[in-house]
Structure formats: C-alpha cells, structure tokens
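Trainee: The primary structure of each chain is shown beneath.
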Amino acid sequence: MRARPMIALLTDFGMSDPYVGSMKGVISAIAPGTPIVDLSHEVLPQNITQGGYFLWSCYKYFPAGTIFVCIVDPGVGTGRRVLCVEGAGYRFLGPDNGLMQLVVDSLARSSIFTVENRRYFRKEISPTFHGRDIFAPVAAHLSRGVPAASLGSRTKSFAPGERLVQISERRKRLYQGSILHIDRFGNLISNFLAKGRLPSNLLLHLGRRAIHQTFRTYGEAREKTPFLVAGSSGLIEISIRNGNAARSLHARIGQAITLKT
Amino acid sequence: MRARPMIALLTDFGMSDPYVGSMKGVISAIAPGTPIVDLSHEVLPQNITQGGYFLWSCYKYFPAGTIFVCIVDPGVGTGRRVLCVEGAGYRFLGPDNGLMQLVVDSLARSSIFTVENRRYFRKEISPTFHGRDIFAPVAAHLSRGVPAASLGSRTKSFAPGERLVQISERRKRLYQGSILHIDRFGNLISNFLAKGRLPSNLLLHLGRRAIHQTFRTYGEAREKTPFLVAGSSGLIEISIRNGNAARSLHARIGQAITLKT
Amino acid sequence: MRARPMIALLTDFGMSDPYVGSMKGVISAIAPGTPIVDLSHEVLPQNITQGGYFLWSCYKYFPAGTIFVCIVDPGVGTGRRVLCVEGAGYRFLGPDNGLMQLVVDSLARSSIFTVENRRYFRKEISPTFHGRDIFAPVAAHLSRGVPAASLGSRTKSFAPGERLVQISERRKRLYQGSILHIDRFGNLISNFLAKGRLPSNLLLHLGRRAIHQTFRTYGEAREKTPFLVAGSSGLIEISIRNGNAARSLHARIGQAITLKT
Numbered sequence: 003m004r005a006r007p008m009i010a011l012l013t014d015f016g017m018s019d020p021y022v023g024s025m026k027g028v029i030s031a032i033a034p035g036t037p038i039v040d041l042s043h044e045v046l047p048q049n050i051t052q053g054g055y056f057l058w059s060c061y062k063y064f065p066a067g068t069i070f071v072c073i074v075d076p077g078v079g080t081g082r083r084v085l086c087v088e089g090a091g092y093r094f095l096g097p098d099n100g101l102m103q104l105v106v107d108s109l110a111r112s113s114i115f116t117v118e119n120r121r122y123f124r125k126e127i128s129p130t131f132h133g134r135d136i137f138a139p140v141a142a143h144l145s146r147g148v149p150a151a152s153l154g155s156r157t158k159s160f161a162p163g164e165r166l167v168q169i170s171e172r173r174k175r176l177y178q179g180s181i182l183h184i185d186r187f188g189n190l191i192s193n194f195l196a197k198g199r200l201p202s203n204l205l206l207h208l209g210r211r212a213i214h215q216t217f218r219t220y221g222e223a224r225e226k227t228p229f230l231v232a233g234s235s236g237l238i239e240i241s242i243r244n245g246n247a248a249r250s251l252h253a254r255i256g257q258a259i260t261l262k263t
Numbered sequence: 003m004r005a006r007p008m009i010a011l012l013t014d015f016g017m018s019d020p021y022v023g024s025m026k027g028v029i030s031a032i033a034p035g036t037p038i039v040d041l042s043h044e045v046l047p048q049n050i051t052q053g054g055y056f057l058w059s060c061y062k063y064f065p066a067g068t069i070f071v072c073i074v075d076p077g078v079g080t081g082r083r084v085l086c087v088e089g090a091g092y093r094f095l096g097p098d099n100g101l102m103q104l105v106v107d108s109l110a111r112s113s114i115f116t117v118e119n120r121r122y123f124r125k126e127i128s129p130t131f132h133g134r135d136i137f138a139p140v141a142a143h144l145s146r147g148v149p150a151a152s153l154g155s156r157t158k159s160f161a162p163g164e165r166l167v168q169i170s171e172r173r174k175r176l177y178q179g180s181i182l183h184i185d186r187f188g189n190l191i192s193n194f195l196a197k198g199r200l201p202s203n204l205l206l207h208l209g210r211r212a213i214h215q216t217f218r219t220y221g222e223a224r225e226k227t228p229f230l231v232a233g234s235s236g237l238i239e240i241s242i243r244n245g246n247a248a249r250s251l252h253a254r255i256g257q258a259i260t261l262k263t
Numbered sequence: 003m004r005a006r007p008m009i010a011l012l013t014d015f016g017m018s019d020p021y022v023g024s025m026k027g028v029i030s031a032i033a034p035g036t037p038i039v040d041l042s043h044e045v046l047p048q049n050i051t052q053g054g055y056f057l058w059s060c061y062k063y064f065p066a067g068t069i070f071v072c073i074v075d076p077g078v079g080t081g082r083r084v085l086c087v088e089g090a091g092y093r094f095l096g097p098d099n100g101l102m103q104l105v106v107d108s109l110a111r112s113s114i115f116t117v118e119n120r121r122y123f124r125k126e127i128s129p130t131f132h133g134r135d136i137f138a139p140v141a142a143h144l145s146r147g148v149p150a151a152s153l154g155s156r157t158k159s160f161a162p163g164e165r166l167v168q169i170s171e172r173r174k175r176l177y178q179g180s181i182l183h184i185d186r187f188g189n190l191i192s193n194f195l196a197k198g199r200l201p202s203n204l205l206l207h208l209g210r211r212a213i214h215q216t217f218r219t220y221g222e223a224r225e226k227t228p229f230l231v232a233g234s235s236g237l238i239e240i241s242i243r244n245g246n247a248a249r250s251l252h253a254r255i256g257q258a259i260t261l262k263t
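Protein chains in written order, with our numbering: chain A, 3 to 263; chain B, 3 to 263; chain C, 3 to 263.
There may be inaccurate statements among the hints.
Identical chains blur together in the list; that is why a pair holds if it fits in one copy or across any two.
Here are the simulated lysine-lysine pairs, BS3-like style, with alpha carbons at most 25 Å apart [what the hints assert, rightly or not]:
hint	residue 1	residue 2
1	Lys226	Lys125
2	Lys125	Lys62
3	Lys262	Lys125
4	Lys125	Lys158
5	Lys174	Lys226
6	Lys158	Lys62
7	Lys158	Lys262
8	Lys262	Lys62
9	Lys197	Lys125
10	Lys174	Lys158
11	Lys62	Lys174
Hints were generated in silico from the structure; no laboratory data involved.
Since we're looking at a predicted model, the values are computed, not measured.
Starting from the given sequences, assemble the full structure and let the hints guide the process.
Mentor: Listed below in structure tokens is the structure:
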C-alpha cells in the first residue's frame with residue numbers, strides 16, 4: 003500500500019479564526035492519515051498576486067503527488083469557478099481568479115478541470131466558506147485516489163493573473179513589470195526572472211526612484227542605498243542592507259516597475 | 003492495527019513562545035506517530051469566550067476519535083479542575099472555566115471526568131505550565147488507548163460558560179445575546195443561532211446602533227452600512243462590505259447585544 | 003521497519019513568506035512520510051539569543067531521534083560554518099553562531115560535526131537561502147538514516163553564545179546575567195537558573211530598577227509591582243501581575259541584569 007499523497011494548504015484565512023481548523027477536520031474525516039502541511043495562512047487578505055507568487059515559489063520542491071489547496075478568493079459565493087490544475091504529477095485546487103497563472107505558466111504541460119461534481123462536496127455548502135465545503139473535501143477525495151477528471155469537465159480558458167517577465171542579457175530592452183511580494187524584511191520581490199547571475203548594467207525604476215546597483219548577497223551591499231539582488235527563486239529583488247526597502251521606497255504589492263537592460 | 007487518534011491543539015499561547023513546541027515534544031515522546039494538528043494558538047490571551055467559540059465551530063468536522071486539547075486557562079496554578087469531556091466519539095481536555103460549555107451543549111450525550119490521576123501527568127508539575135505537564139501527557143495517553151474513565155471520577159457539575167441562543171422565526175420576541183468572536187476581517191460573530199435562511203424582519207442592537215438589513219452573502223450588501231448575515235456556522239454575523247464592522251461599531255468580544263424578531 | 007525520526011523546525015522566517023513552505027517541500031521530497039513539526043517560525047529576525055533560548059527550552063521534551071533544524075542565521079551566504087550537534091540521541095542542525103550553545107551546555111556528552119558534504123545538499127545553492135538548499139535536505143537525509151559523521155569532519159570549537167548562570171542558594175554572591183526572551187505576556191525570562199524553589203532574599207537589578215519580591219505563582223503577586231518567579235523551565239522570570247513587565251520596565255532581549263543572593 004502506498005502512502006496517501008500529502009495535502010498542502012495555502013490561504014489568506016489567518017490563524018486567529020477557526021477556518022483552517024475546520025478544513026483540517028474535513029480532510030481528516032474523509033482521508034484519515036493524510037499528512038496535512040501548512041504552507042501559510044498569512045497571505046494578505048484577498049491579495050491574489052501575493053498568493054500566486056507564494057504558491058509558485060514553493061510547489062516545485064514538494065514530491066510528485068502533492069495536492070495543493072490554494073484559497074485567496076474574494077469572489078467566494080459568486081459565480082466564479084473552482085479549478086483543478088494537473089501537471090508534473092501535482093494537483094492544484096483554487097478559485098478561477100488568476101491565482102494559479104504562475105503555476106500553469108511554469109508547467110511544461112497541464113490539464114485544467116472545472117470542479118463541479120457535487121458528489122465530492124459537503125452536502126450543505128455555505129455561500130461564504132467554500133474552503134470547508136468544497137476545497138477541503140475535494141482535496142481529500144483526490145488524496146484517496148479520485149482522478150482530477152472525475153471532478154468536472156476539462157477547460158482551456160481561465161482567468162488570467164500576474165505573469166513573470168524573463169530578462170534576457172543579450173540585448174538592450176525596456177521591460178514592464180510589477181512587485182509580487184514584500185517579504186518579512188521589507189525586500190521587494192519583482193516578477194523579473196533572471197537566469198543565473200544578474201547582469202551588471204540594470205536600471206530599475208520604481209515610482210520616481212532609479213536603482214542600478216547589483217550585488218550577489220545582501221552582505222556585499224552598502225547600507226541605506228537600495229540595490230538589486232537575485233532572490234532565491236531567481237526573481238530580481240530590491241533590498242536595502244540592514245534596512246526596509248518597502249518602507250524607504252513606499253512600495254506596495256502590485257506596483258508597476260520598469261527595468262532597462 | 004488501527005492508526006492512533008489524532009490530537010488537535012487549541013491554545014492562547016501564540017507561536018512566539020516555546021510553549022506549544024514543548025507540548026508537541028511531550029506528546030510525541032509518549033505517543034510516537036500520533037498526528038498533531040494545530041487548530042490555532044492565536045486565541046486572544048485568556049479570552050475564554052473566543053476560545054470556546056473556536057472549539058465549537060471546528061470540532062464537529064474532525065473524525066470520531068479525535069482528542070482536543072483546549073487551553074485558555076487564566077486560573078492555571080490555582081485550584082481550578084481539569085476536565086475531560088467525552089461525547090460523539092470525541093474527547094476534549096480543558097480547564098473547568100466554561101471553555102467547553104458550547105461543546106457540551108452541542109453533544110446529544112456526554113460524560114465528564116475530572117482529570118486527577120497523576121499517573122498520566124509528568125512527574126514534576128510546573129504551577130504555571132499545565133499544558134506541558136498535565137494536558138499534553140494526558141492527551142498522549144488517551145491517544146494510546148487509556149479510557150477517559152481512568153483519568154478520574156465522573157462529575158456532573160462544571161463551571162458555566164457562554165451559550166448559544168436559538169432564534170425562532172415563528173414568534174416575535176426579544177433575545178439577549180453577546181459577541182463571541184471578531185474575525186480577521188472585522189466581522190462580529192454573535193451567539194444567535196439561526197437555522198437556515200435569516201428571517202428578514204430582524205432588528206439587532208449593539209450599543210446605540212440598530213442594524214436591520216439582512217443579506218445572504220457579503221457581495222449583495224451595500225458598502226458602509228452594517229448588515230446581518232448567517233455565517234458559515236449558522237451564527238448571525240454583523241458585517242460591513244469592504245469595511246471593518248468591529249472598528250466602525252467599536253465592538254468587543256463579550257459585548258452584550260439584543261435581537262428583536 | 004521503524005518509523006522515521008521526526009524533524010522539528012525552528013526559524014526566524016515568519017509565515018508570511020514562502021521560505022518555510024519550501025523547506026517542508028524539500029524534506030518531504032527526500033524523506034516522504036517524515037513527520038515535520040513546527041516549533042516556531044516567529045523568532046525575532048536574527049535574534050540568536052532568543053532562538054537559542056527557544057531551542058533549549060523545547061528540545062528535551064521530544065523523543066530521542068528527533069532532528070532539530072534551527073535557523074537564525076544573519077551570516078547566511080558568508081563563510082560561517084553549518085554544524086550538526088549530536089547528543090542524547092538528538093541531532094541539531096544550525097549555523098555556527100552561538101545558537102546552539104545552551105543545548106551543547108545542557109548535554110552531558112556531545113559530538114559536533116561540520117556540515118560540508120555537498121552530496122547531501124541540493125545541487126544549486128542560493129547564497130541567501132541555505133534553509134532550503136542545505137539545512138532541509140541534510141535533515142531529510144539524517145532522517146533517512148545517514149549518520150552525522152557522514153556530513154563532515156568532527157570539530158571541537160564553535161562560536162560561543164549566551165549561557166545560563168546557575169544560582170546557588172548557599173552563599174551570598176553577585177551574578178551577572180541577561181534577558182533571554184520576552185514572552186507574549188511581557189514576562190522577562192532571564193538566564194539565571196534556579197533549581198527548585200526561589201530563595202526569598204534575591205535582589206535583581208535591571209537598569210536602575212531593583213526587584214526583590216518573589217512569588218511561586220503569578221496569582222499570588224500584587225498588581226503593578228514587578229516580582230520574580232521561577233518559570234516553567236527553571237529560569238528566573240520578571241513579571242507584573244495583569245501587566246506587561248517588558249513595557250513597564252523598558253526591557254529588551256539581551257539586556258544586562260544582575261542578581262544578588
């Protein structure tokens with residue numbers, strides 16, 4: 003007997019409300035023994051951009067088979083669809099609001115199913131808490147072996163979300179991008195993806211500020227001056243050594259930026 | 003061999019202190035392999051009302067057999083008793099301070115035992131940390147198969163706590179209630195339980211404010227005006243669309259409210 | 003077949019960034035089925051003193067075999083070593099910055115290895131995220147049975163950290179100490195270790211404040227006046243009943259204190 007695939011939870015529910023606890027109960031009741039892992043429940047409320055970044059930067063480290071439940075869902079209770087993305091051996095459940103765009107982009111091949119087979123839902127469905135009544139039971143059934151194709155019909159279209167911008171070193175160009183995330187230390191994570199070392203001739207604009215210094219680690223930079231560094235996921239970050247770049251630069255998630263190579 | 007029942011933890015310890023970690027260690031040492039689930043450790047410090055609501059709204063989704071450790075315990079180190087409530091296949095460990103009132107009320111039948119058999123405690127008991135020295139080891143022993151009746155003598159009486167108020171649509175009446183919880187979004191969760199759809203003729207008073215609009219989902223309401231909605235646990239909530247009802251209405255957990263039907 | 007040893011995580015990463023999630027993925031991919039326990043991810047950023055206290059006060063309750071991953075690592079990406087401490091059946095992975103001093107002091111015997119065998123690292127190593135690329139995979143391999151001695155060469159020296167000061171009741175003396183931690187309630191945890199009951203003749207100085215009252219539990223003290231109490235780990239704490247000692251006394255972690263017996 004193979005072990006049950008694990009279920010990883012990513013939500014904006016926080017831990018001061020009973021929502022996550024209820025979901026864990028529903029999963030355990032349907033699929034006893036399934037390991038449940040908290041990715042985070044501290045996504046900023048209703049911040050789809052941050053949630054999508056979070057999922058993208060974690061998922062690829064998990065073993066094939068893992069089922070991701072991703073809930074940043076301002077449209078809960080409206081007509082928005084619930085989707086199941088399948089690819090690279092993973093399954094991703096989430097609302098159809100762009101949250102899974104980065105994941106879909108990163109998968110060489112994927113199939114997307116609408117989640118509509120009420121057989122795998124709880125019998126009564128609260129209009130405000132699909133996490134407990136739809137996402138959790140569907141994830142548990144997937145973990146027990148239900149194939150994604152049983153959840154509903156296949157679909158090609160889905161609501162678009164934030165995308166990554168691949169930076170090429172070879173030719174001079176101006177790229178349009180945005181801030182995906184601000185981390186605990188105030189570092190700004192952009193959607194500019196740089197393979198390998200950062201080119202040294204970059205010029206990033208954030209509002210009226212121009213940033214051009216690049217370093218390989220935080221420790222090499224001087225204090226107070228914002229600089230660019232390749233983060234641990236390959237995205238260009240804006241940082242201030244021993245400082246808080248987000249506060250100093252008055253930046254916010256979703257803000258537009260440009261990069262000249 | 004059956005899998006060990008899981009242990010679910012609910013405390014007001016927060017995660018910036020080593021208390022929860024120590025409890026997990028004690029449980030794992032006595033009952034290796036027992037799955038430990040965090041319901042939350044973010045109950046407001048010493049807020050029994052909120053803790054009791056939290057437990058009540060989660061527990062019923064867990065599989066039978068689950069052991070709940072519930073610690074919101076301002077009386078730790080005094081003479082207050084520790085109780086084990088057994089019902090519907092669950093076991094609940096908590097201090098005798100009203101924390102488990104809602105759970106007991108919701109169980110068709112329950113037995114309550116005082117937890118006093120020191121055989122299942124740690125040998126040395128800190129007067130300030132019963133979570134590690136009493137609750138955790140007792141839960142671990144329950145998980146290993148020790149019956150609740152071995153923990154101590156049966157009791158009928160226990161300290162009372164907040165209770166739910168069942169609203170009947172059929173006749174006009176004035177109900178006295180209170181705020182059980184304020185969620186991450188500032189929604190106020192009352193102790194008024196409404197089966198099914200909310201009646202349309204409600205009038206709720208909170209301090210000097212009167213609230214009478216009712217909606218089925220947050221999305222149907224207008225902005226800025228507080229309204230009533232049936233929450234995902236069947237309790238009436240006071241909400242402001244795209245706003246923070248708790249802040250706008252200066253509400254606090256435990257505050258008295260009235261409802262006219 | 004024996005169950006895999008569990009892996010306990012202690013970091014200053016917080017839960018609003020994808021760092022912890024990525025580590026859990028790496029561990030699960032290498033050692034499927036290994037139980038992962040969160041001790042905390044809320045250590046104050048880069049606060050080695052607090053992290054070391056946290057680890058020390060938790061670890062001894064875990065079952066032998068447990069692997070602790072401890073990351074409070076301001077020197078990540080510089081030349082600082084990574085160490086594996088082995089003792090009492092436990093393994094501790096952490097940076098060589100004093101974080102594990104209290105643990106080493108508390109072990110009757112221990113062996114320390116430098117973690118340098120790249121065979122157990124991820125292939126590409128981000129200079130800013132050793133948690134994912136070194137600590138997580140090494141812990142997973144330990145859990146699968148790799149012996150600590152395979153990680154690198156044995157070492158005797160390591161960077162020193164905060165230490166405990168054992169208080170003796172028998173003779174009058176002046177002790178130099180410091181604040182290790184401030185808990186959720188504002189209690190100050192010192193590094194003065196008192197076996198058993200607190201002597202009644204203590205005089206503690208914190209800045210210009212002198213504190214001499216001692217009580218056995220919080221409940222016995224009067225409000226507003228700071229007092230001393232033996233905490234649940236045997237360390238002397240400074241507390242104010244129904245108050246916040248840290249705020250009232252303007253204390254901070256690492257602050258020097260003295261104790262006269």
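Trainee: For each hint given before, does the structure comply? Return the numbers of the non-compliant ones in rising order.
Mentor: 1, 3, 4, 5, 7, 8, 10 and 11
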